[in-house]
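A.B. asks: Using the sequences and the hints given, assemble the complete structure.
Top line first, the protein sequences correspond to chains A and B. Numbering-wise, the numbering used here puts 100 at position 93 of the first sequence, and it's gapless, one number per residue. Numbering-wise, the numbering used here puts 81 at position 74 of the second sequence, and it's gapless, one number per residue.
Any given hint might turn out to be false.
Copies of one chain are not kept apart here, so a pair can be met inside one copy or by any two copies together.
[As the list claims (entries may be wrong)] Mimicking SDA-like on lysine to any residue, the simulated pairs with C-alpha atoms at most 20 Å apart in a straight line are: (1) LYS25 x ILE117; (2) LYS46 x LEU106; (3) LYS46 x ASP19; (4) LYS38 x ILE117; (5) LYS36 x SER55; (6) LYS111 x HIS43; (7) LYS25 x ASP110; (8) LYS115 x GLN100; (9) LYS46 x GLY116; (10) LYS34 x SER55; (11) LYS115 x SER68; (12) LYS46 x GLY113; (13) LYS25 x PRO104; (14) LYS34 x HIS56; (15) LYS111 x GLY44; (16) LYS30 x SER55; (17) LYS95 x LEU106; (18) LYS22 x SER99; (19) LYS46 x PHE131; (20) LYS22 x ILE117.
If you're looking for bench data, these hints aren't it; they were derived computationally from the structure.
There are 2 protein chains.
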Amino acid sequence: MVLRYFGIRVSDLDKSVKFYTEKLGLKLKRKGTMYHGGKWVLLEDPRSHQRLELNWYPEESPYSTSLEPEDRLDHIGFKVQNPAATFKRLTSQGATPALAPSDKHGVKGIYYVEDPDGNWLELF
Amino acid sequence: MVLRYFGIRVSDLDKSVKFYTEKLGLKLKRKGTMYHGGKWVLLEDPRSHQRLELNWYPEESPYSTSLEPEDRLDHIGFKVQNPAATFKRLTSQGATPALAPSDKHGVKGIYYVEDPDGNWLELF
Numbered sequence: 008m009v010l011r012y013f014g015i016r017v018s019d020l021d022k023s024v025k026f027y028t029e030k031l032g033l034k035l036k037r038k039g040t041m042y043h044g045g046k047w048v049l050l051e052d053p054r055s056h057q058r059l060e061l062n063w064y065p066e067e068s069p070y071s072t073s074l075e076p077e078d079r080l081d082h083i084g085f086k087v088q089n090p091a092a093t094f095k096r097l098t099s100q101g102a103t104p105a106l107a108p109s110d111k112h113g114v115k116g117i118y119y120v121e122d123p124d125g126n127w128l129e130l131f
Numbered sequence: 008m009v010l011r012y013f014g015i016r017v018s019d020l021d022k023s024v025k026f027y028t029e030k031l032g033l034k035l036k037r038k039g040t041m042y043h044g045g046k047w048v049l050l051e052d053p054r055s056h057q058r059l060e061l062n063w064y065p066e067e068s069p070y071s072t073s074l075e076p077e078d079r080l081d082h083i084g085f086k087v088q089n090p091a092a093t094f095k096r097l098t099s100q101g102a103t104p105a106l107a108p109s110d111k112h113g114v115k116g117i118y119y120v121e122d123p124d125g126n127w128l129e130l131f
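C.D. replies: What follows is the structure, given as structure tokens:
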């Protein structure tokens, strides 16, 4: 038994693939279509080999769901050289800032931005 | 920039640690307490090195949330030798079955069970 990947739901597959590959450096490993028309894209970090699967479901799929703000995993952790600089780069490229050290509930040295569906990405 | 782990919220930390270590074979790597009293436990699969962080928040934490059925990631993929046998073992040990090949929306050869908070685990 081997844990192979974590799968999250996305509302716009192309947008999410672009975000995770172009902005966060993950690589596309495989992709496919489910029997009910849903699509999946398996991404992998070339350094840590952690794997993220993006899952998109059409409206008629039995697994379709409207994504609510609470409807997401807790967070995904990215280790970066300079969290402040990466936070600045990602937010200047359009990512929504979630939490910075200077915010009320902020944590020293740790920054958070949102992915296109509102999942929190921790930059530590 | 390196993707290091995926973090999920749990409602009962001890129960979830036991589930993922004793039933699914993950190993405890590190654990700690957050400034607002929340607790985290970092688990790793010794074979694939995929990492899962369990996060628990006390009621007074700004990140506390009541976990709703929809409030979870899509699924976590476990590659297993014999999906049917692993499904049988986990459900006989108390895991809630989520989807089997014989179910209405079932997929050939793939079984799903729930973790203690209702996250779907795919056995493929």
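A.B. asks: Against each hint, give a clear statement of whether it holds in the structure.
C.D. replies: Against the structure, the hints come out as follows:
no., hint, in the structure
1, LYS25 x ILE117, "neither (24 Å within a copy, 29 Å between copies)"
2, LYS46 x LEU106, "between (31 Å within a copy, 19 Å between copies)"
3, LYS46 x ASP19, "within (11 Å within a copy, 33 Å between copies)"
4, LYS38 x ILE117, "between (33 Å within a copy, 17 Å between copies)"
5, LYS36 x SER55, "both (14 Å within a copy, 16 Å between copies)"
6, LYS111 x HIS43, "between (44 Å within a copy, 12 Å between copies)"
7, LYS25 x ASP110, "neither (29 Å within a copy, 35 Å between copies)"
8, LYS115 x GLN100, "neither (23 Å within a copy, 42 Å between copies)"
9, LYS46 x GLY116, "between (37 Å within a copy, 19 Å between copies)"
10, LYS34 x SER55, "both (12 Å within a copy, 17 Å between copies)"
11, LYS115 x SER68, "between (43 Å within a copy, 17 Å between copies)"
12, LYS46 x GLY113, "between (36 Å within a copy, 16 Å between copies)"
13, LYS25 x PRO104, "within (18 Å within a copy, 34 Å between copies)"
14, LYS34 x HIS56, "both (10 Å within a copy, 18 Å between copies)"
15, LYS111 x GLY44, "between (43 Å within a copy, 16 Å between copies)"
16, LYS30 x SER55, "within (16 Å within a copy, 25 Å between copies)"
17, LYS95 x LEU106, "within (12 Å within a copy, 43 Å between copies)"
18, LYS22 x SER99, "within (17 Å within a copy, 41 Å between copies)"
19, LYS46 x PHE131, "between (31 Å within a copy, 17 Å between copies)"
20, LYS22 x ILE117, "neither (25 Å within a copy, 28 Å between copies)"
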